[in-house]
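Engineer: Sequence:
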Amino acid sequence: MLRYVLGSVVVLFSPLSTWSLSKLLQVADEDVSEDVSQTLEDLHAILNIPEDSAEPLRLHHPLFRDFLLNKDRCRDASFWVEEKSTHEKLAFCCLELMSAPDGLWQDMCSLSGPGALRSEIDAELISNSLPPELQYACRNWGEHIERGQQSIADGDAVHVFLQTHMLHWLESDEPDGGVRPVCAFANKTAGAGSGFLRDANRLVLRFGSIMAEAPLQVYLSALLFAPERSIVRKTFVDQVSPEVQMLSDRDADWDACRSVLEGHTSFVNAVVFSPDGQLVASASQDKTVRVWKTATGTCRHELTGHTDGVTAVVFSRDGQLVASSSWDKIVRVWETATGACRTVLDSPYLYISEPAFSPNTNALHTDRGDVALPSDLILTLPVELEHHASHLLVRDQWVLRNTQQFLWLPFEYRAYNRAVCQDMVCLGCPSGRVALLRLQ
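Read in order, the letters of the sequence shown are residues -20 to -1, 1 to 420 in mature numbering (1 follows the signal peptide of the UniProt record, and there is no 0).
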């Protein structure tokens, strides 16, 4: 017991109290905890042991550590600390503590919502939800494994822990801290464990900044936007929030060469929903307009004919027509159902934004003036659809729900042009990506 307790105190990366050390070493029942306290009583010459069991234990002098770790200098086997094996034991204790029923679980601090910021979490709430020994385990278990020179094998304690609690761990500890030594093992690990660790490393590189800022986004943004082939996403797919659905395709892999999900090859200048919300149209600098089905995220039509970038797009009030304007000073009107071009009009304006069909469809209202439409564009009167105000808003890198930060958008999904329709969000991105999300 003496070497076990003393060795742990010596190699800890930050001091713990008597009670927290007992909990970490899995000896926190009353009888054995008394044994730990008694053992510490015999070490007053080496340790500063506070009367308050909640205060941290410390070596009287840092040089004691070097002495106790050096077998040639510390001749007494009762006190000599074998560093490698002690780190191995502490790594195992950390894993056991985090995996216990009262260890890690999702949303440990019962935060106000998925957009809650780590900086706004009350320190007392953290200490009540994650006691000191659990905080220590989350922060340092990977370092103990590295110092213990342990490898990671398929099905071992580390692999099982990561496949069960990795997201809980990333939530509880800032990802730019403890995750790095663990991911370093990817090159030293064979089998499925190696692939899992490499994928975990990529996930942290992509989403580490937001996990450090808003910890619950590990279950939302990270899993939602991770590539289709991500091992971590597949492992925890059942933890993807049912409140958010990706309607369009996601990237196939982390190293996907294509810069878009499907469709445009250049900047998306405008996106707009049809009045019934069943379609969305996107206008791009690649000279095309695309019409997408919101139910599946698939492209229904690619509308070509413009000779320069398309600046704006709009549906008619009944959804039967789509009008587009371009830097080529041409307005084109297309049939939504077939994708056929109904008319081509010269425009006196070089740049048009915010177009809208007039109620009788005889003109296209624009921010620069009206563009007359031919009389043969006779449309049925639109069915009056019940209007529901959307509770969604895109602001900078966040999708807000009911004015609260809800979903963080990775850089490649951030849109200069966006549209919202009831519970759907369409993002038109500089890369040409068109992303459709449903937030229920």
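Errors might be hidden in some of the hints.
[As the list claims (entries may be wrong)] Simulated pairs of lysine to aspartate or glutamate, DMTMM-like, Cα-Cα distance not exceeding 20 Å:
1. Lys64 - Glu100
2. Lys64 - Glu104
3. Lys214 - Glu123
4. Lys267 - Asp298
5. Lys267 - Asp218
6. Lys309 - Asp326
7. Lys69 - Asp102
8. Lys309 - Asp347
9. Lys309 - Asp266
10. Lys273 - Asp229
If you are wondering where the hints come from, they were derived from the structure by calculation, not from laboratory data.
Engineer: Now tell me, hint by hint, if it's right for this structure.
Structural biologist: How the hints compare with the structure:
Using a Cα cut-off of 20 Å, the hinted pair lysine 64 and glutamate 100 is violated, with the two alpha carbons roughly 39 Å apart. With a CA separation close to 35 Å, the supplied pair lysine 64 and glutamate 104 exceeds the 20 Å bound. Pair hint lysine 214 plus glutamate 123 does not hold up; C-alpha atoms about 27 Å apart against a cutoff of 20 Å. For the proposed pair lysine 267 and aspartate 298, the alpha carbon gap of about 25 Å is over 20 Å, so the pair is violated.
Straight-line distance between C-alpha atoms of lysine 267 and aspartate 218 comes to about 40 Å, which puts the hinted pair past the 20 Å bound. At most 20 Å may separate the alpha-carbon atoms for a hinted pair to count; lysine 309 and aspartate 326 meet this at roughly 6 Å. Proposed proximity of lysine 69 and aspartate 102 is contradicted: the alpha carbons are some 32 Å apart, above 20 Å. Distance restraint check for lysine 309 and aspartate 347: the Cα-Cα separation of roughly 14 Å lies within the 20 Å cut-off, and the hinted pair is therefore satisfied.
With a C-alpha separation of about 15 Å, the suggested pair lysine 309 and aspartate 266 falls inside the 20 Å cut-off, and the hint holds. Between lysine 273 and aspartate 229 the CA atoms are separated by roughly 12 Å; this keeps the pair inside 20 Å, and the hint holds.
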